[in-house]
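Given next are the chains, with one letter for each unit.
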Amino acid sequence: MIEVKNVTKRFVDFKAITSLSITVPKGSIYGLVGPNGSGKSTIIRNIMGIYRPDEGEILIDSEPVFDNEAVKTRMAYIPDDIFYFAQANIKDMMKFYSGIYPKFSMERFHRLREAFELDEKMPIRRMSKGMQKQAAFWLSMSLSPEILVLDEPVDGLDPVMRRQIWSIIMSDVAEYGTTVLVSSHNLRELEDVCDHVGILDHGKMLLERSLSELQDNIVKVQLALSDDIALPKDLDVINTTTSGRLKTLIIRGNAENITGTLNALSPFFMDVLPLTLEEIFIYELGGADYEIKNIIL
Amino acid sequence: MISINHRDSKPIYDQVKNEFKKLIVSSVMLADDKLPSVREIASALAINPNTIQRAYRELEIEGYIYSLPGKGSFVSDFREIGNEKKAALLAKFDEAVSELRFLGVTSKELQGRIEGGKKND
Amino acid sequence: MKSKTSSFNLTIFKKSITRFWPIWAAYFIFWLIALPISTASDLSHKIRFYDDLSHVLSYSAEQVFTMSKDLGIAVGAITAIFAAIALWGFMYSSKSASGYASLPVSRRSYFVSLTLAGTIPVIVINFVISSILFLVMASYGIGSFAIAMQVFAIITLIYLFFYFFATFCAQLTGTAFVLVPLYALLNFVVIALYVIGSTFLSRLVYGLTATDSALQWLSYLSPPVGMIYGTGMITTAGTNVPMFTGWGCLITYAVVGIIFAVTAYLIFRRRRMEAAGDVVAVNILKPVFKYCMTLGCAIVFCALMIFVLNDTTSSSDLFTIMLLLAIGAIIGYYISEMLIKKSFRVFKKRTAPGILISLAVILLITAAIELDFIGYEKYVPSISDVERVSLNGCEVDEADLIEEVIDVHKAIIADKERNEAANYGDGYFIYYQSIHYYLKNGKTVFRQYRIISYFDDANSPEILTRINEFLNKPEMILSGILPSFEIAGPENVASVSIACEIPSGGTASEYDMPTVDRLFYYSGEDAYELWNDCILPDIEDGCGIGKNTSYYYPLQDFTTTTCVLYFEFVDTEFVNTASSGPPVDRGLQTLCITTDAARTLEWLEAHDIPVYTYEDISAAYEDFEMR
Numbered sequence: 267m268i269e270v271k272n273v274t275k276r277f278v279d280f281k282a283i284t285s286l287s288i289t290v291p292k293g294s295i296y297g298l299v300g301p302n303g304s305g306k307s308t309i310i311r312n313i314m315g316i317y318r319p320d321e322g323e324i325l326i327d328s329e330p331v332f333d334n335e336a337v338k339t340r341m342a343y344i345p346d347d348i349f350y351f352a353q354a355n356i357k358d359m360m361k362f363y364s365g366i367y368p369k370f371s372m373e374r375f376h377r378l379r380e381a382f383e384l385d386e387k388m389p390i391r392r393m394s395k396g397m398q399k400q401a402a403f404w405l406s407m408s409l410s411p412e413i414l415v416l417d418e419p420v421d422g423l424d425p426v427m428r429r430q431i432w433s434i435i436m437s438d439v440a441e442y443g444t445t446v447l448v449s450s451h452n453l454r455e456l457e458d459v460c461d462h463v464g465i466l467d468h469g470k471m472l473l474e475r476s477l478s479e480l481q482d483n484i485v486k487v488q489l490a491l492s493d494d495i496a497l498p499k500d501l502d503v504i505n506t507t508t509s510g511r512l513k514t515l516i517i518r519g520n521a522e523n524i525t526g527t528l529n530a531l532s533p534f535f536m537d538v539l540p541l542t543l544e545e546i547f548i549y550e551l552g553g554a555d556y557e558i559k560n561i562i563l
Numbered sequence: 262m263i264s265i266n267h268r269d270s271k272p273i274y275d276q277v278k279n280e281f282k283k284l285i286v287s288s289v290m291l292a293d294d295k296l297p298s299v300r301e302i303a304s305a306l307a308i309n310p311n312t313i314q315r316a317y318r319e320l321e322i323e324g325y326i327y328s329l330p331g332k333g334s335f336v337s338d339f340r341e342i343g344n345e346k347k348a349a350l351l352a353k354f355d356e357a358v359s360e361l362r363f364l365g366v367t368s369k370e371l372q373g374r375i376e377g378g379k380k381n382d
Numbered sequence: 155m156k157s158k159t160s161s162f163n164l165t166i167f168k169k170s171i172t173r174f175w176p177i178w179a180a181y182f183i184f185w186l187i188a189l190p191i192s193t194a195s196d197l198s199h200k201i202r203f204y205d206d207l208s209h210v211l212s213y214s215a216e217q218v219f220t221m222s223k224d225l226g227i228a229v230g231a232i233t234a235i236f237a238a239i240a241l242w243g244f245m246y247s248s249k250s251a252s253g254y255a256s257l258p259v260s261r262r263s264y265f266v267s268l269t270l271a272g273t274i275p276v277i278v279i280n281f282v283i284s285s286i287l288f289l290v291m292a293s294y295g296i297g298s299f300a301i302a303m304q305v306f307a308i309i310t311l312i313y314l315f316f317y318f319f320a321t322f323c324a325q326l327t328g329t330a331f332v333l334v335p336l337y338a339l340l341n342f343v344v345i346a347l348y349v350i351g352s353t354f355l356s357r358l359v360y361g362l363t364a365t366d367s368a369l370q371w372l373s374y375l376s377p378p379v380g381m382i383y384g385t386g387m388i389t390t391a392g393t394n395v396p397m398f399t400g401w402g403c404l405i406t407y408a409v410v411g412i413i414f415a416v417t418a419y420l421i422f423r424r425r426r427m428e429a430a431g432d433v434v435a436v437n438i439l440k441p442v443f444k445y446c447m448t449l450g451c452a453i454v455f456c457a458l459m460i461f462v463l464n465d466t467t468s469s470s471d472l473f474t475i476m477l478l479l480a481i482g483a484i485i486g487y488y489i490s491e492m493l494i495k496k497s498f499r500v501f502k503k504r505t506a507p508g509i510l511i512s513l514a515v516i517l518l519i520t521a522a523i524e525l526d527f528i529g530y531e532k533y534v535p536s537i538s539d540v541e542r543v544s545l546n547g548c549e550v551d552e553a554d555l556i557e558e559v560i561d562v563h564k565a566i567i568a569d570k571e572r573n574e575a576a577n578y579g580d581g582y583f584i585y586y587q588s589i590h591y592y593l594k595n596g597k598t599v600f601r602q603y604r605i606i607s608y609f610d611d612a613n614s615p616e617i618l619t620r621i622n623e624f625l626n627k628p629e630m631i632l633s634g635i636l637p638s639f640e641i642a643g644p645e646n647v648a649s650v651s652i653a654c655e656i657p658s659g660g661t662a663s664e665y666d667m668p669t670v671d672r673l674f675y676y677s678g679e680d681a682y683e684l685w686n687d688c689i690l691p692d693i694e695d696g697c698g699i700g701k702n703t704s705y706y707y708p709l710q711d712f713t714t715t716t717c718v719l720y721f722e723f724v725d726t727e728f729v730n731t732a733s734s735g736p737p738v739d740r741g742l743q744t745l746c747i748t749t750d751a752a753r754t755l756e757w758l759e760a761h762d763i764p765v766y767t768y769e770d771i772s773a774a775y776e777d778f779e780m781r
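Residue numbers (my numbering), protein chains in the order written: chain A, 267 to 563; chain B, 262 to 382; chain C, 155 to 781.
Bear in mind the hints are in silico, worked out from the structure with no lab data behind them.
Errors might be hidden in some of the hints.
Said to hold, decoys possible - Cut-off 25 Å, straight-line C-alpha distance, at most; resulting in silico cross-link-like pairs (BS3-like, lysine-lysine):
(1) Lys281(A) / Lys168(C)
(2) Lys499(A) / Lys513(A)
(3) Lys570(C) / Lys532(C)
(4) Lys281(A) / Lys249(C)
(5) Lys282(B) / Lys353(B)
(6) Lys361(A) / Lys395(A)
(7) Lys486(A) / Lys271(B)
(8) Lys282(B) / Lys347(B)
(9) Lys440(C) / Lys387(A)
(10) Lys332(B) / Lys347(B)
(11) Lys169(C) / Lys361(A)
(12) Lys357(A) / Lys387(A)
(13) Lys271(A) / Lys281(A)
(14) Lys271(B) / Lys513(A)
(15) Lys281(A) / Lys440(C)
(16) Lys369(A) / Lys168(C)
(17) Lys332(B) / Lys271(B)
(18) Lys361(A) / Lys249(C)
(19) Lys532(C) / Lys503(C)
(20) Lys292(A) / Lys353(B)
(21) Lys502(C) / Lys440(C)
(22) Lys281(A) / Lys503(C)
(23) Lys169(C) / Lys200(C)
(24) Lys387(A) / Lys627(C)
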């Protein structure tokens, strides 16, 4: 479990992150969303113990992460800019990591070889960015990490590889209960894989929810009522669009209750529709007066 | 075994549930057939295992499946399932009825059809 | 419960060593050529010229120690910085800094592993080289375990200091582009600043001079200079094999190096990895960097401009100096701002207070110095405070002589304006008058003044004539030529050699004089008699022996010199009990005999020694010229 508690991080005179709190429950897949410059990479580096927070603390399984070898042996990190020694090939890096991480599994390394069609002897420097990312995944998954931290992981990979990689990650999550923190600015992609999301903007957390919380507590209803009937006042309607007699309402609350309440009004048309994550965010944040187009790609 | 439509706005866990329901109700999967493990589906479809867990849990609550610790999840006896199917069809029926009434078909006509249909059985 | 942090990581250690194998390889090859191979080739030539192996050993030892010391410093310092850049360079790019910092390796482990990775290969190579050297020397019959061991110790201690120092420097910055100049600068900054600063200050303060003693201990603060200065070779009495001295110096540097290493660790422990690419990586050092740059640039620019403008007076006017300092300060301040902010846009209102305060401080201090608020320029100690004083190297301790020197000093001070304005280009010769006071309370006061003489005697400062007369008084001459011990009798005069040199240099044979130019040699009673009964009384009478006219060139007169006497004195009371140094104290004195040394010339004639004067020779030879 990853706990970020009220972390502030400054670079000289620029505040990259302000009083940020994140909770990533154990065994969950947490998506960190936000536009470029929102502080995603910064907080991730803080979580990995690369940077030290100016204020606040970061705990991994209740232990502070900074300069903590015991905690970091259980974590694997794939940054946007992959690190490797200048002349190294995958085999060299494998030897290096297997010396550093006690839980490096040669068995996994060999098993995963089929998933990635990469030449172990080719210098990583000469690989395309996509191949480098695949190499990074191969090595990272071989570490048998309990916590996987991914910064824009599938950026630049073709759909087949993306699927392949997520498949491997999901398998690990299902089998070992791996905790995954993944950052992206693509909600559509995260929708399938995350069970928790947090939106970052200008270094602050706008919204942090579990996916089920989000999906269960907001409904889209298409409704046509007779003119004399008004909507009950206690309905938390976030958004209304009208097209002729047909109203499209976004209502916050339990889906069943709302359906029941609306049915009681005897509408001559009612349809309850599900919302995509993207839509949920747009409507949740709509009231907060943010420029949503920037946040959601 | 099942497929997910990523473009569908319905939540994933919902799709998973419905896909399995379809298979069970249409007797593709029979009583005591083993469902694929959470891990297999997560891996095969590249979707969140927690989501799949939730789907399985709800299927269990609704009586479609039962699970044995350490062994996995299995299809329940179909007799239990009947009620769900009934409710679903009735809902469809209501929808059809309201549309027909809109088009001017009277209750009497409808009743006749029901009776008639029964007679044809 | 926090788990125990380890202090060493084998994987990092091994990887760091193997990754940078070219450095170790180059280091090894270099020393292989510089020590064993060159020694071997040297010996193979020299072995034929010496019968006695101990001479060969002596020669070899000297070569080997000189190489170890001189090259040890150069190669050690250079290898150290390369190793530091290689091993600590991961901190200088965001990608590698993140890569390293995310690994489960504690800061302590990193520091120990990287430090060992930078030292152990070198120590091993040093050991191998020393062993090969031993074998090479042994193969020529002069194998010396002691020498090989010393060589190992010398080059290892030197390298350790420089590597630890380079490690420390590496922590201060975020880029190799700054590390290299920083390392180079810090190695020489103390000496450089001292030289530039004192040159600069001496243009403001009349009489200020860099003192040798300050230069001595300051040079230790610039390690390459200090190491050369503090080490050497010494031959013990009894053997003729030189041994290396200066272990105290090298060990002290190594210990200081360890302190640098510990400090480096403390800084590294808290290093912000986001400083990758920054000029200054430690936040508290940013203002230090800024104000050091401001002050440094001010002084260097000012000194540089004075040099370029070729001002040949000994002092510059206050306005010029202040202007140059101000320009230099502004340049330094804004360049440092640009480096820290990594942008050219630093000319903002916000930065104005910083530069204005710096300028104000610099200019105020400069004005205070020039205007002599502390009375440095006018200060002359009172007679009662002075134990002894030395004028241009001649020391006096009698009260009346001290008083004369003080008067001379006062006269020089009174002449301040004229001397400061005197321009070398117009003058004839520059004379530096130095006065060193040794006060009774143990303190010392040093002054040095530049006085220029002119072709036209009337324009030359009369002080020069006065100094010249003072220094050529018989008691001054005697104090200059007498050795530190007493010459009580013949036992103290080991020998005197007499060379028949013709006036103005040259030897008798050049002009085909009737006597062979051999040295006449006397010792014991004769030598003592010449010294005590002729030379000393002649000097007391005020003849020209020992007179030094270099204080004022126009006074020099070469027409009166005749032959030259070389005296060797021995202090029979002193016996050197130390393990090094000469066994007895000797004094040597060279004296030119002049035509007015009556008793001496009499003695020489009595002993049939030919003496030639200028008249003799110019009469005999037309083309004889005064050199």
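request  = Identify every previously stated hint that the structure contradicts and give their numbers, smallest first.
outcome  = Numbers 1, 9, 10, 17, 19, 20, 23 and 24 - these are the hints that the structure violates, sorted from lowest upward.
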